[in-house]
Every structure is written in structure tokens, then in C-alpha cells.
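S.K.: Below are the chains, spelled out letter by letter.
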Amino acid sequence: MKTKQWKSYAELAKTEEFTQWVDEEFPNRATLLDLDRRDFLKLTGAGMALAGLSGCRIMPQTKSVPYVRAPEQLVPGQSLYYATTLESRGLGIGVLVRSYEGRPVKIEGNPEHPSSLGATDVWTQSELLSLYDPERAQSVIERGEVRTWDQFFSTARPVLQKEAASGGAGIRLVTSTVVSPLYAATIGKFIRAYPNAKWIQWEPLSQVNVRKGTQLAFGKPLTPVYHLDQAKTILSLDADFLLTLPGSVRYAREFANGRRVRADKPEMNRLYTIESSYTVTGASSDHRLAVKPTDVERVARVLLTKITGSGAGQLPAGVDEAFLNALVADLKNGSGVVIPGDEQSPALHAIAHAINAAIGANGKGVTYHAPIEAKVTDQAADIKALSADIEAGKVSFLLTLGGNPIYDAPADANLKKAYLSEKCPLRAHLSHYENETAELSHWSLPESHGLESWGDLKAHDGTVGLQQPLVEPLYDTKTPTEVIALLLGQPLTGMELLRQHHAAIAEPVWRKAVHDGVLPGTASPAATVAPVANLLASLPETPASPDLEVNFRPDPTIWDGRYANNTWLQELPKPLTTIVWDNAALISPKTAKKLGLIASEGNNDAVNIAQYSGKKLIEVTVGGASVKVAVWVQPGQPDDTITLFLGYGRTKGGAVCEKQGFDVYPVRTSGSLNHALGVTVKPTNESYELAYTQPHHLMRSETTDPFGVNEALHVVEHKNRDIVRSGTLARFVETKGHLHHLHEADPERAGVAPHGESEGEHNEHPVEVAKLPTIPADDAFGLGRNHWKYLAAEPTVKSEVNKEGYNSLYPEYSRAGFNAWAMSIDLTTCIGCNACTIACQAENNIPTVGKDQVAAGREMHWIRIDHYFESADLEHVESHFMPIPCMQCEKAPCEPVCPVAATVHSHEGLNQMVYNRCVGTRYCSNNCPYKVRRFNFLKWTQGAGGATTLNYFEKPVLKMLSNPDVTVRGRGVMEKCTYCVQRINDVRIEAKKESREIQDGEIITACQQVCPTQAIVFGDINNPKSKVSLLKQQPHDYALLAELNTRPRTTYMAKIKNPNPALVKPVAAEGGH
Amino acid sequence: MPNIFAPSSNLIGKLAIIGVAASPLVAMITISQFTRSGYVTKVGTAFEQPVPFSHEHHVTELGLDCRYCHTSVEKSAKAGYPATHTCMSCHSQVWSNSPLLEPVRESYEKNVPLKWTTLNKVPEFVYFNHSIHISRGVNCNNCHGPVQAMQMAYKGRPFQMTWCLDCHRHPEKYVGKPGSAFDLYEKIRKTKTGTVLHDEKTGKKEWAGSGLTEEEQTLMVGDQYVRKGEELEEGKKLVKEYNIKVEQLSDCAVCHH
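Here the protein sequences line up with chains A and B, keeping their order. Under the working numbering, think of the first position of the first sequence as 5, with each following residue one higher. Under the working numbering, think of the first position of the second sequence as 15, with each following residue one higher.
Hints listed in this document are in silico derivations from the structure and should not be mistaken for laboratory results. All values derive from a computational prediction rather than experimental measurement. Some hints could be false.
In the DSSO-like style, the derived pairs of lysine-lysine whose C-alpha atoms are separated by at most 27 Å in a straight line are [said to hold, decoys possible]: (1) 67(A) <-> 92(B); (2) 259(B) <-> 963(A); (3) 997(A) <-> 124(B); (4) 997(A) <-> 56(B); (5) 1031(A) <-> 259(B).
Between the sequences and the hints, there should be enough to build the whole structure, so can you do that?
M.R.: And the structure:
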């Protein structure tokens, strides 16, 4: 079966919209500036006449403010790094935070923390913006009036005193899942003081099913921790362990460690995924089976019977028996592990654990530990009971600490109605934002951010990470622990509370632990487990489901809604769909057709889908309730399954989150927290435009050659060359890693150039440097200034970067005598998690632009993750992710076209962008074949993108967010990836002061540092022993669009997959070259 | 009919034509001179400060090292301003009742920082690092003018890009031996003389004292010294020793990022 790479249905359909995106950098831009010719000329003339004046200004008088008493260790102009622990989706992750003159400016992973290993995820990265979010809750508010904390406590304490008589029977404490030992102990004290008070944990996404699953399998609630380092076969049962499972950052590293294919180590693990939505884990897998949520359990049952060899199960329709047999053989081969997903049923978890026991994975691929949370509870049942208690008038004091139950509680709990009944006389809500719950509470209390607090948080394996504040609270805020302590009459600071809790630890050990950010030896020990006998018989039957199903998933950027006011996350293209600022209902092409959403006649399917997907609303009805959601036809989505993402449609909590997307909580009930059966979908006629980046920055263009110029010049036409080069491990071994050399077509890929014989000749002519024209060293492009030297005598780059060996019209470029910075990106280990995009945004002061501007193609991310589908048809797709930073071409096409030399080459090979010289002609971005340049169309930092974006000028707190080492760009200026030149300069100056060379690995770019899988490596290619040099010598290293001869310093390692040979279908004979 | 214009008006007409033709040039020269003038660059203007701190008194007369107050100049991009605590380390004993020092005492007692008017400042898109320049033996006065002679501090150089590039293209003209950045001040400390004298008749600036090289004397009076012959060769040798890659010094991203 021949496959083809494509990005969107519009591309397959070759719609007008698509051709515009390819041909024009920014389609429809004429409509943005509605001018006639005369006005245009007038403005141009005035612009030219006045342009020079814009550069004139008299520097404003400023003040220099030194300390009164300088803090120890603080050197002005130098950063300090502190270890602390932040909460990422409810669990602790260790971080090192850069503090510049007292303000935190960048978050990095803590290599000593087991959940981080030095990397982080998008949520941890964006905590920085959450800290400085101008819309944070800043003061104590009682029914709209600003109050003080004292006023709150003097209101609450008498209520507590009154309650004390009944042992606190009327008190309800609602928290998120508590994973902090200190917090848990403080709550414990509260419960001891008020023994009849009830403590309820509620979080819309919890690990309740995981605990219930181990309860079924082993008789007690446990936390499974997976160890993928040594695993040869991994099976994910609806588990997105690379992105959303607790511990995902570590799992991604371990998974990638087993997949680094090198010429001397051609081996890798194999990942099977059986899932009910399309996730990045599914996209990274070698074999993927997309089935309905309930069918995952059915398949797993059969799998268990096949492995244990007892009984036989009925496979759901459409599932290939051969697939299961191959999977069983692989799993039984030793070093296998099965990972069940948090959103799957307890029964599936039990089955997965039974399989793990049967294949001998227990103790190897998976270990079981005591639960991380302080108390294992049935959260949905508890929150329903709370609602009933309020309605019954049993609650006199309701304190919700964190979370947002009014927004995200199950619909059948009717919590909002209970609140509005006003039967509970005192409701207080502690939160980072004045959200929906705060709106319905009498008191809204501001909560401290993790970077302002003392505390401790458990990691996915139970390790206790310590939290120390980087700044004093920006506003008059408190942590939940402090609030409870104050209610108990313990006016202690956060630090005192924490130290008191860990009083048993000796001072030197404590100091070191705070310094390291981790309490040593706190990972919970593995428990011994005994599987229940005859498990399958004891499990309830999988419910029959003849119709559509819905599954609810956390949004891959804003999670359950808690990150909804974070502009960085809102504007981050969601993996696989690339939608921004919205959520959508995912539906498969086949189901969309079956439901009559898209026409089945007329044009072909691709055209129909392209005209429908992301443009209309559908009505999804579950039980009695229904919601209208924008529809997104997603290839790879299982048939008869609608995936709905949580977190959107907020009504209160900040301008950024309000009125964005669709609230799907109204159809989510306590019985269907993860998936619902008996769903109906109705098309509506309502239009809605989703903004998504999938068609932006298309690199491939169907070039035409009407005059035969290319042919005459022997320019090889690469229109069919895959941008993401990929192949199987078997082929890697067979070709010794030269997957795509000499244009040898991989017979399975239609994409690889089917060149004629004559064109093959090009490869035998490597560049002969001596024959190339030279330009005087001092006069490159006639600009004077030896800003780019050509040294024909030192042909250092003959064929190392450009493996294609094409002749070039440009003279040779020498990198002799300087560090030559370069980057290598491994496409096999890139999982498309987007962490690099956010890390880059934080490091380089990249603005956000708002939904409308993204739709116009004006997003500003310096490193984007391109996502390609590869398939033979519309449905059975594979996905490839490709991070695209600036390629830092040695022969950069952007440079010669700049009329003001605002983009020029450095001696270290950086393609420098000089903001203060740029006049905004945009010629450079026009000429960039990789489309990595970003233009400041408007004053983004002054709120030009709309109310939802960051307005530094009206909200001065945001100024604290910016990295002091990077210029904040103004309107009319081009920008792009700089290889983090500020970090290079820092290290270079330090090395020079110490009179030494820069060591390999000393400079780490922001994207490299954050990458959970270490897919990005940066270094000096003039050092033959540097990591990046060694990677570039790998046979499967290739340059993107190498035929353009731009000699990019960023190169890629081809994507290798490891399909089971038993499942690789024989190649069809027709059409092969 | 009498002529309206006298013959002399021809001249006026011609001059007017030349004047109009020359006006763009005149305008350009005027603007370019204006932007380089002290009015814009503020070179030589002493601004009002919370305390009339005299560098001359502290450096020349008392012999304080620059690094006593500007502590991070060797370590960091920023030279650093002294904390009030640094002032008080002496002024809790010396001049402890001086009314001029009232703001310092107040700052120390009330824990409210002093707010100095910034004199030397580069634009936001320029990243200057003090420590690397000091480690290459570039004397403070090269960029800051005759600090040791300033009663009230003022900006000593215009900080225009062409001036930066002069050194970045020809570092041999300014680099000094390792650790020599403070040599000049060492000598000032020893001789306790560093004040610039003005000869009222000739208008010449001079330095009173002895034992200084010609270059140091020039730096003392706040002029730019032009190295010649052997000195230049010496500079070139230093550039080589330091392994300064001169071409790279004028790469844009060295200062702009």
C-alpha cells in the first residue's frame, strides 16, 4: 500500500484555501488593509518621508535603585537558580527556577527530581505566566466588596466555635486531590479538632479508576509506576503516557531512551497502542488500533485470555486477530509492559495488571506503591453527597480550597443549584482566580502561587519534593495550608509550618533537601502484590454499546480548565489537531459521513471534509443533556466515537478564558466521567470558525516549470520528496542506516522521489570548491564590513551538511576558526508534546496574538511543531511530528534580500536578526523556504492582539515576566529563532574570562533543555567529538529541503519505526520504481 | 516702466536658488550635528542626585578603589551601585552628622533605597557586559571619562554605536594587560593626585602629578588616546594573547539579542 504525506484535508482536496497558504505567506492579507491605490501611495510616501524620524528619540531619564542592604550571594546582573517543586496537573514536578534580581524569569526541570529528570512539560513552563497573570485573584472579597483576611477570619471563627459543639458536623472542606504531606497533615489536624466535619476531595480528572483497578486486581488501592527503560514491548491501553499520565515527563524520557536508533545500535523498543482517541502516544506508536472506549476493554479481555491461554473471548468487529496474536507473541517475549489509561474503566485496569502479572512484568516493567494521595476516596460520590447535604441544610460552613467545583463538578451533582439555594450561610472559596465557584461563594480568597509558597508535593512515585518561594507573594495571598492553620488558630508562616511538619529531619539534612528540592529517600517502596485468582469471572460484563460513544479527555493545553487563563497555553497549537483558543468535538471521517454531517456525493471526501471540519457546530446529546460544540473531523479518530475536551466555555475567571470554546461539563455525569454510551449527534446550521495552524507555514509547493527552466538547469524537482523522512527499523538495518541515500526509493513510500536515471548523476559530483566563484572577503553582497568571509582555501563544508552534493551558485562558506553552532533533532524520539514551543516562548519574550490573528497566520512561535499525516487513504493515518526552529542556513536565502542588512551572518554561523535595524520589508520571510520568520504586524505587547493577549503597558506586572537578556520587539520588526544567542553569549563571556574553550554541552538552548525525550541536541560542529557532531555523522541524518542548497545548521535524524515484521503487509507490486 | 527689481536682486535670486538647493544638505548636517551634540547625548551634564556624591573626593583624595562600591564590575554584566549599607560602613563613623548625608541615613533607617539618576545607559536592545571588558584590561576612563576628577558625576562619552565599534573593530587600540584595568587608579591612590587642571590662558587640560604614562595621562584628563607604533604592536600582541577573534567582535549578536 503506497502512502503519501499530507497536512490537511484541504491539501488532499487541493482547495483554493490550501493553494493560497502554499503560495502566499499570509493569504487574504488584502482584506486586512482595505486601501485603494491612491491612498496606498500616499501612505507609502508619507511612510518613507517620516521613517527616519521614528528612529529619533531622546533617551528618557531613568533612576537606578540600589539595595539598602544587599542580600548575600546576589550579584547585580547575574541570575540565581533555586530548586523548588511546582504542581503540574495535580502532582509535584521538580524545577530549577532562574531568579533575576529577585524575580523568577524562567522555569527549568530539576535533574534530581524523579518526575522531571531535568525536563518539564508545557504546564510547568507556563506557571511563570500564571504567577504574573494580571487577572489573578488579588484581594479578599466578600460579595463584591474588598475585605481583609482578618475580616474573613473574624467571620469564620465564630461559625467554627458554634460548630465545635457538634464536632463540626456542619463543616465541609472541599479540596483538590491532596498530594502534599504537609497539607494532608494540616487537614488532619483540622479534622481532629472538628471530628464530624467532612473533607471532600474533588478533581474532574482523578486517579479514582486506577485505584479501583488495583483494588479489583490486588485487593487494595495502589499506584502503579512504570519502568520503560528496559521494556522491549509496551502496550498502551488508552493510556497517553507520553503526555497526560502522571509521570509523563519521566516516561517520555524512558520511552525515548529505548528508541535512539544509531548506526552502531540499530535496536529499539516497540509500542502498541489500543486507544479510543488520537493521542500523541498513539502517534508515536509502531502499531495503533483505534476502537471505541468500551471496545478497548473487550480487546483487553481477549488479550488476557490469549496470554493466559484460558478461555476465548469475542473480539469486537473490525479488530484483526493477527494483530492480537502478534502483540501476544511480543508481550510474552519478556520485557513487556502494559499501561492502562486513567480514563479507562476499573475493569480494564484490573485486566492490564493481570496481563502484567502473566507476562512477568511485575517488579520489572511496573511496580506498585502506596497511593500518592493522602486519602483514597470516591470523589464523584463525595461531591454528590455534598450537594445533597447542602440542599438538606446540613452545611453551615463550606470552604472550598482550590479547584473550581461549580464549573467542573458532575452535572448530576447539581452543585450550582445547591449553592444558589442559599441554604449554606457561609461559603468561602480560596483560588488563584475569581472563578465560577468564587462568584457563587460569599467570600473569595486569593491563593498564593507555587512560586510564592512554602510546601511539599509528592511526585508520581511518591518522592516528596520541597517547595520554596522564589518571591514574596505579589498580592495579599495565602496557601490552603496557611488558611487552615489560621482557622485552627496557628498563626504560623508557611516556612514554619513546613519545618514543623518535617521537624524530625536534622537541620543540615533539611538545608540540603531544600537546596536540592527533593527530600531524599522518600519514594514509596514497592509493595508486594498478589493477583486475584480468576479475575475475568469476577469482573462485571463490559456494557453493550451499539451506538455512538463519547469520551471526555483533558484538554492537551488547558487541562481541566485550571490553566484556561494562561495565554501561552491557549495559543499553543494542540498536538495533532493544531487548534488554538478553542476545543472541538473530534469525529472520524467515516462517522461524519455516516451521520450525514458531510455530504456523501458531489466532490470527493477530502473536499467535503475540508469544507466542513472546523466550520460548523454539532449538537451532542448524552442522556438528557446536550451541548453544541464545534466539529473537527480528525483522521485517526476511532469510528463511532466522539472525543470531547474539558476545560473550555468558562464564564468567570479572567478575560483570557471567558467565552472561549465550549463547556462540555453539562453532559458529563458522575456515571460517565470518562465515557458515555447512547450518544446522539445532530448537525446544526450554525457556523463557527476554529483557528488552527495546520495549514500554516507549508513548506512544500507544487512547482510548475512552464518554461523548462528547471529542466534546462538540471534542477532536480523534489516535489515528491518527503519532508519527514521515515522508514522502518528493518530497512534501517538493511540499508545500514542510509534510508534515503542515492534516492533509492523505499518501495513502501510513494513519496520518495521517483527520479529518472539521468538525474541520479548529480550525486557523483560533489562540490569542487576551487572552481567556485569567490567574492572578496570584505565585500559580501557589496555591504562592505567583513561580516561574512568566504575562504575558498578551506573547504570545510564540502559535503558534510549537504549530503546531496548539489552544486551551488553561492560561494563556499567557511566555518574555520570559530565555534560552529548547530542543532540535531531526532524525529524518532520527538513525541510532539509542544514543550519546546512554550519554553522558547518563555525564554525569548515571544508575544501572543489572539485567536483572530492566528487564523490570519500571524502566530509568533519561534519553534513550531509541524504535524504530517502519512497514509494511503483518509482514515488509516500515521502521524509525524517535526519541530521547526530557524535552520540557521549557512547560505541563508533571507540574508541577501534584506535591503538594510538587518539579517546577517555571524562568524559562528548564526543567522543574526538585528531588531533595531529592521524596517519591516518582510522580504526575508518571503524568501525563507522553511517559513520560520515571524513578523510583528501589530504592537502585540501593547495588547494589539485583543483583550485576550498580554498587554505589558496597561498591566505592568507582566513586565516582570520578560527575560532581561532578550529584547522585547516592537511593531514592524521581524524576528525568529536565534539558537538562544543570549545563552551562547553568556557562556562565551564566562569561558573567555577563564581563558578556555567552551565545553561541549555547556550551552543549552531553551528547547533542548525542556525536551522530555532529549530529541534536540545543540553544540559545536567544529568540535568533532561534540555530541551534535557525532549525531550529524549518523547515516540517517538529513537536511530539510537540502535540494535548495541552503546548508542548514539544523538537521534531522530520519524517523524510524519498529513495526512487527509479522504485521507488515507485503508491498503491492504495481507502480514500483 | 521702472524695474521692479534692482540689479542686485539677481544675487539674491541666485543665493536663494543655491540656498534652496543646499537646504536638504544643511538640514541633514544640522540634524546629524544635533544628535551628536551634548544636548542630546548629555555628555558632560551633571544631574541632580539625592546626595552630592563626589568621585573626586572619594577616589583621588581618599584613594578608594572603584570596586569598593561597584562590586560586581569584574563578575557581572552590571558594575552595580553601592547599597546604602556600603555608604554607611564609613559614614556611620565619618561625617555622621553631615546634613548632606541626611538622605543616606534616612534610607538606611527607613529601609527605603536611594534613587540615583542614571547617567550611563545603553538602549534596551544593547547588551553590554562590564566583566569581559575589565578582564581585557580596558580602563574605566576609556568609557566613563575622567571619573577621578568629577565633583558631580556626569556621562563621559556619548555611547554612540560608532564609538563602540571603533574598539570592537580595533581592540588593539584599547586593550590592556591582564588585570591592568585598575592600574591607573592604583597610581592615583599612591600619589593622591589626579585632579584635572585647566590652564586658563591656553585652555589646556593637564594632570598634576608624575609617574604616569602618556596614555594614562590622556585618560586622566578624559581624552581619547591614540596609540601609535610600538604601543599598537603591543596591543596587537595582547589581542593575540587574549585570543580575541576580532572579526567576531563586530557580529551583531555580540551586543544585540
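S.K.: For each hint, tell me whether it holds in the structure or not.
M.R.: Against the structure, the hints:
Distance restraint check for residue 67(A) and residue 92(B): the Cα-Cα separation of roughly 15 Å lies within the 27 Å cut-off, and the hinted pair is therefore satisfied. The hinted pair formed by residue 259(B) and residue 963(A) fails the criterion: a straight-line CA distance of about 36 Å is larger than 27 Å. Among the hinted pairs, residue 997(A) with residue 124(B) is inconsistent with the structure: their alpha-carbon atoms are about 39 Å apart, more than 27 Å. Between residue 997(A) and residue 56(B), the direct Cα distance comes to roughly 32 Å. Violation of the 27 Å bound is thereby established for this hinted pair.
The hinted pair formed by residue 1031(A) and residue 259(B) meets the criterion: a straight-line CA distance of about 25 Å does not exceed 27 Å.
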